[in-house]
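Protein chains: 2
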Amino acid sequence: MKNVKIGIIGFGNVGQGFAQAIQQKREFLRESYGINPLITAVCDTFKGSLYNSDGLDLNLLAKPGVGFDEFKAEEKTGWDASEMIANAESDVILELSVVNLQTGEPAVSYITQALNAGKSVITSNKGPIALRYRSLRALAQQNNVKLGVEATVMSGTPAVRLGKEILEASGIRSVRGILNGTCNFILSEMKNGSAFKDALASAQKLGYAEADPTNDVGGFDTAAKVSILSEVFFGERVVPADIPCEGISDLTPQDIAKATEVKSVWKLLGTIDGSTLPPKISVKPVMLPESDPLAGVNGAMNAIQFQTELLGQVTLIGAGAGRLETAAGLMQDLILFFKEE
Amino acid sequence: MKNVKIGIIGFGNVGQGFAQAIQQKREFLRESYGINPLITAVCDTFKGSLYNSDGLDLNLLAKPGVGFDEFKAEEKTGWDASEMIANAESDVILELSVVNLQTGEPAVSYITQALNAGKSVITSNKGPIALRYRSLRALAQQNNVKLGVEATVMSGTPAVRLGKEILEASGIRSVRGILNGTCNFILSEMKNGSAFKDALASAQKLGYAEADPTNDVGGFDTAAKVSILSEVFFGERVVPADIPCEGISDLTPQDIAKATEVKSVWKLLGTIDGSTLPPKISVKPVMLPESDPLAGVNGAMNAIQFQTELLGQVTLIGAGAGRLETAAGLMQDLILFFKEE
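First to last, the protein sequences are chains A and B. For what it's worth, my numbering labels the leading residue of the first sequence as 143, then goes sequentially. For what it's worth, my numbering labels the leading residue of the second sequence as 143, then goes sequentially.
Source of the hints: derived by calculation from the structure; they are not laboratory data. Because the structure is a prediction, the values reported are computed rather than measured. One should not assume that every hint holds.
Pairs count within a copy or across copies, as identical chains cannot be separated in the list.
[Claimed, not checked] Within a straight-line C-alpha distance of at most 16 Å, the following computed EDC-like cross-link-like pairs (lysine to aspartate or glutamate) qualify:
| hint | residue 1 | residue 2 |
| --- | --- | --- |
| 1 | Lys339 | Glu432 |
| 2 | Lys422 | Asp384 |
| 3 | Lys214 | Glu378 |
| 4 | Lys405 | Glu352 |
| 5 | Lys306 | Glu173 |
| 6 | Lys405 | Glu432 |
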């Protein structure tokens, strides 16, 4: 069994969920994979920063709503993220900072610094990966460390690994997905008779949609995820801004009724058609026949569907967000990178 | 790049499909995984046997309907399967023989011999694995070789690996699946108005169902698969004969209509509920609400659904049979065992 020392940048919902997930599965990680996970450092813009080279108290970190003043005085460091990367003993940095989606900062800088310091990085931040995956991955290779991105698309539902590690050998021709839970929730409500604005209000009330829902309903969140998948599955670099992108806000009750008439449903799909090169990439609402497995994906669930040469169609349906769900994705990368053979 | 020498027992649909899959993906296997696959030996009860320590002509093996008399005279050996295992240079044996489902023979004997000879084994034969997975896996470990079973359930749709390698860390609570394409095809036809006997006749006409359909429609094929999954995901050994098993042949048009009335559909599900130990295991028709992702799995498609502690529900839908589809599953194990790190 080996100690795996983990530094976490950003201790909000996901970071705290990760601590909880690690705590719940600690014995399993030790017994099945020979990994003894130690969270040595945590740094959060609002909460402050903690460090203990032997590992912070995991039970405390895992306690919902824990305040940093509950930790020992000597564990409080005052480090910012960059100082934490430089000074804390860690094998891997979990990069979970709050990110500007236009620039990918400060995540891009943190990831770059960590990789250059010879630390692996695991992130659920789609911003830096959509914008810079290729160069960051090259930097990881150059430094002989790993960069994990499973949680950037569909949280812990293993879309990236299923395609990249398992289905690739069957020849992936095209990929399409329901990659934004907010839009899928709204479309499910509209199918049941709600108007767009009422469905959006419900989504906001339930915490699925933000006060400004543009990023979701405009399709831009989906475009960022499609951009990541394009690089992962087809080695094709495309920045989100270059993806033709149509959202769901113009869909009318008449459009919905028309779909129902022909036994179909509307879904916002991100699509990468790699059957000809360069792949054709788009984000737009598509009318799917009810017989398509994607048509049955309701509410906030996400899904990805592969068309392959040898194996035909393969569809994976699961959570697209959530604190423990995203933590599960981070943990999958942790295991992949550090398990004992 | 390393040569991986492959011996194939049973050169029917699947064996020949494997040769074709390997031929189609040969460059990919070399470039992405450093595997140079060489089929050195093939042995088939009806067709005879071939051997070339440098690899048989892959283009010829991959040719649909190829006869063994098209190969060089010096490549014909007259070996039976056991002689092939003993005499042929091979790193891995593909065990694809025709099997007695009650005894698992002759596959159990072939697999045992190969493992004892220090060769890895990959099989799509569910019989020997449903009956003897635990002891055969132990034998593989003892001999420091691998035993691949991905293709025994859902052909190349990676049900085994998704659960065992990726979702296990999220805590698998229960598993259920549509694991028999024949039954799912019949139930889909019945939902569209056919009586059971007419739907069965269609399935037979399309080659989905055999002349004696008992193994499929009685649920026994599903029970064998559930038994494998129980061992893989929960370490719980249960022989198929001990699984409570109810088939679909008693479902009436009235039952189907009743389901439609309450917006539900009938599916034959194999279920392993591991939330309490020992797991509760069963095979029976279940009425699923239309909102369940499994409800939208139509025709001959298969699906598996996991309930997990961290990640909630994850559903994988894909092919359950087919020559290239099964070959894809065999190839996934081949890559997993022999790829260069």
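Homo-oligomer pair classification [Glu432, Lys339; C-alpha up to 16 Å]: Answer is neither: 25 Å inside a copy and 26 Å across each miss the 16 Å cutoff.
Homomeric proximity label, Lys214 with Glu378: Cα distance no greater than 16 Å: This pair counts as neither: shortest intra-copy Cα distance 48 Å, inter-copy 44 Å.
Intra- versus inter-subunit Cα pairing at 16 Å for Lys405 with Glu352: neither (31 Å within a copy, 33 Å between copies)
Lys405 and Glu432: within-copy, between-copy, both or neither at 16 Å Cα: both (6 Å within a copy, 14 Å between copies)
Intra- versus inter-subunit Cα pairing at 16 Å for Lys422 with Asp384: Close inside one copy (12 Å), not across copies (51 Å); limit 16 Å.
16 Å Cα threshold - placement of Glu173 relative to Lys306: between (27 Å within a copy, 15 Å between copies)
Hint compliance for this structure: hints 1, 3, 4 are not met, and every other hint is.
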